[in-house]
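Protein chains in written order, with our numbering: chain A, 1 to 317; chain E, 1 to 317; chain X, 1 to 317.
Treat the hints with care, since some could be wrong.
It does not matter which identical chain is meant; a pair holds if it fits inside one copy or across any two.
[Unchecked claim] Here are the simulated EDC-like cross-link-like pairs (lysine to aspartate or glutamate), alpha carbons at most 16 Å apart as the crow flies: (1) K76 / E123; (2) K178 / E91; (3) K178 / D86.
Quick caveat, the hints were computed from the structure, so don't treat them as lab data.
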Amino acid sequence: MKKFTCVADLGDLRAAVAEALEIKRDRFAHTELGRNRTLLMLFFNSSLRTRLSTQKAAMNLGMNVMVLDVNQGAWKLETERGVVMDGDRPEHLLEAIPVMGCYCDVIGVRSFARFESKQEDYEERILEQFIRYSGRPVFSMEAATGHPLQSFADLITIEEHKRTERPKVVLTWAPHPKALPQAVPNSFAEWMNAAGYDLVVTHPEGYELDPRFTGGARIEYDQRRAFEGADFVYAKNWAAYRDPNYGRILSQDRSWTVDAAKMALTNDAWFMHCLPVRRNMIVTDEVIEGPRSLVIPEAANREISAQTVLKRLLESL
Amino acid sequence: MKKFTCVADLGDLRAAVAEALEIKRDRFAHTELGRNRTLLMLFFNSSLRTRLSTQKAAMNLGMNVMVLDVNQGAWKLETERGVVMDGDRPEHLLEAIPVMGCYCDVIGVRSFARFESKQEDYEERILEQFIRYSGRPVFSMEAATGHPLQSFADLITIEEHKRTERPKVVLTWAPHPKALPQAVPNSFAEWMNAAGYDLVVTHPEGYELDPRFTGGARIEYDQRRAFEGADFVYAKNWAAYRDPNYGRILSQDRSWTVDAAKMALTNDAWFMHCLPVRRNMIVTDEVIEGPRSLVIPEAANREISAQTVLKRLLESL
Amino acid sequence: MKKFTCVADLGDLRAAVAEALEIKRDRFAHTELGRNRTLLMLFFNSSLRTRLSTQKAAMNLGMNVMVLDVNQGAWKLETERGVVMDGDRPEHLLEAIPVMGCYCDVIGVRSFARFESKQEDYEERILEQFIRYSGRPVFSMEAATGHPLQSFADLITIEEHKRTERPKVVLTWAPHPKALPQAVPNSFAEWMNAAGYDLVVTHPEGYELDPRFTGGARIEYDQRRAFEGADFVYAKNWAAYRDPNYGRILSQDRSWTVDAAKMALTNDAWFMHCLPVRRNMIVTDEVIEGPRSLVIPEAANREISAQTVLKRLLESL
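Extracted from the complex, chain A is given alone in its bound form (with noise of 0.2 Å):
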């Protein structure tokens, strides 16, 4: 595996699972396979559960680690050519990133969506670039439209707790104070796909996603109608994808909350999702601290999924 930024990077993805659940159960098993070699975690943006899961990962198979934040605003990297950069651009990618692979066996980039542009966010230009100049195995940290190690961890967790071949999966938009990415739900949605799950989209109309992720999932806009037998619920909130509302908040209705009257609806499904959560706006405390709550066991699910991909990606250089 040379790099890693969505499922079909994986291949087989019931092998990739099955090798997960073998580091899971002994993950110093490895520990020679990142001897002398060193990963390069670069942010773009802050981190908490990717910082610390994806750097212990490493640590797992026995890797150097360095960390590096490059606040947004103070290191303004130059990409265009041609320009006389006499501004507050003080480098040009074009020697920024192949430098920072000279440094380092394998690089971790994260940088968000930053809704000036959607064709520059869903070109997913500063990961693609990195891919591109670093000359070396790049894998997403969450990018502008995915988050494809959230969506491994998620996948890894619902074949732990899952009590039928073909679960019925809910991801339900709920609200929050901040317009978000749609890089956690169009990953998810890509994933379950690909897992050959039944997955079903409910969301306040304006808020359909990109359906190059939603692919052939139903797309329900009566959320309990989408709850009813549901096995796993997956609450996210997005700011809205289509034109001419890209990146814009369309609804806070807390009426979309996922509280215990609507989780009653369901097969007495697991809860999920990818925190931070905005308790009571999101979710309600009951549920997030019911027993059906997976969003520990999934948080914790995240090193499995840096190291299964770490571990693909050494065995590659």
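Following the hints, put chains E and X in place on chain A, whose structure we already have.
Relative to chain A, chains E and X alone:
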């Protein structure tokens, strides 16, 4: 040992000091103990000595280390249940703490007194929540009311330099331009009492510390009288503890600065301070640079106290 | 080797380059040398290449690494004795430096010229105090007047690419929107002279460097004439050195930008720059992206120069 927040956690203090001195003789004797073990160091407040000495101690034991700086302003954790989280607190501690616990084996936390509520500070709410919810052994890297790694290093330093079985140790208040927490003097008093030394605490009236820490120590308002016959002088500033002045500066009286004339009243005492120190406020250049100053050996012993604590926490896993 | 701040510290330069090239062939041949040894990297100024390449070099040698970013504004160290420290400088360097020395085996320091006082900059007050008070081998990660790790990497790169025993090397000033220190051109001149190359320095009048560094190099105010027959062209901006203009920008004349027409005057010269580089100010896109550009190999050799220096410092312990 499952946590380290106060002197009682160490059990037999004589044995703990002996263990520390043995570690000091060969600090790489236990590099296998920490193999594949990860320390998470979490700073809600800035740090120089604690950061470097604790990280060094963990590496001496063969541990991996992850450091997370939490800007107290930027990452506000919600602590109450039932709140609709639509404001500036994006994450609830009931998720954040167990998630951090997922990615490590031991957690060190630094969280100073905020001087907003004496009750909140003296209940050690942040530290206690980590102990309760992280699922990992937790140790204090200076909390609201105590700094036990500092006091343990102070104790080791005194044991290395004392000339009598039960030395006279004087904890003296000294002036400072800012309002400082009571964590260091609280812990110092607690540890000196536990060691069975002859402890005298001297400060202007109104600066009395919580008797839970000072215990049976003699309180002396005449600094010169306190210094008579002292074997060790430990200088430190703190803000008032007693109501209604909690957290306030009552005096900046520079007649309390430790100088050579006062040190001449002692039994050729060693001078100690936890650093950083305001010269010519807390102590004169002459005394801190003099041959009886222990401030550097004391700082060096921070590595030893941290390593002893980490060794015991690792042994409990 | 007990310190590394200038070319003389390396001793026989030919032997040092040979050692560097041997390290480059197998950078993991000495992983035992750094075992249980800790490097402290201390940054008073921001860093990308130096941070990553030095950390990577230390890890190649099996060292542990601690990185401390000191916000120059936030942590002001008092440097004078006798001062009553009641202002905004909470710690004296006479405590801070030896304490940092306690927790590590080798210290790297980055501290740029401040352009407040030429004397203070050219006395290298910060770096020299670390050498004097830390009790540890100290190396420069770019100081006020020199950047020897960069120049060592430059030398290695020239040795790898030169076609004659004594190449003609041209150091050329080029325009830039900000006032930059003389550290890189100072060191470059010093190292090229030490290597015995045919060094020509070209710049507008008023930009003369300290002759302590340029030594016997020819100074040429006509850039085109300087380029004639050059084997290597090293571009760099710097602010004025001479009084009364120390630290000032005297020219932003873009006729000094290195372009293809000027490179055509050379002996098919290699183009070099330490990065980050302002394209189309310092050099055109065409030249920096062309087949004779060495900027990326030069940056890659930063790992090698740092590793050679660290290896020698470790061998001295």
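Hint by hint, here is what the structure shows:
1. K76 / E123: neither (19 Å within a copy, 33 Å between copies)
2. K178 / E91: between (31 Å within a copy, 13 Å between copies)
3. K178 / D86: between (35 Å within a copy, 9 Å between copies)
Hint 1 alone, counting from the list given before, is not met by this structure.
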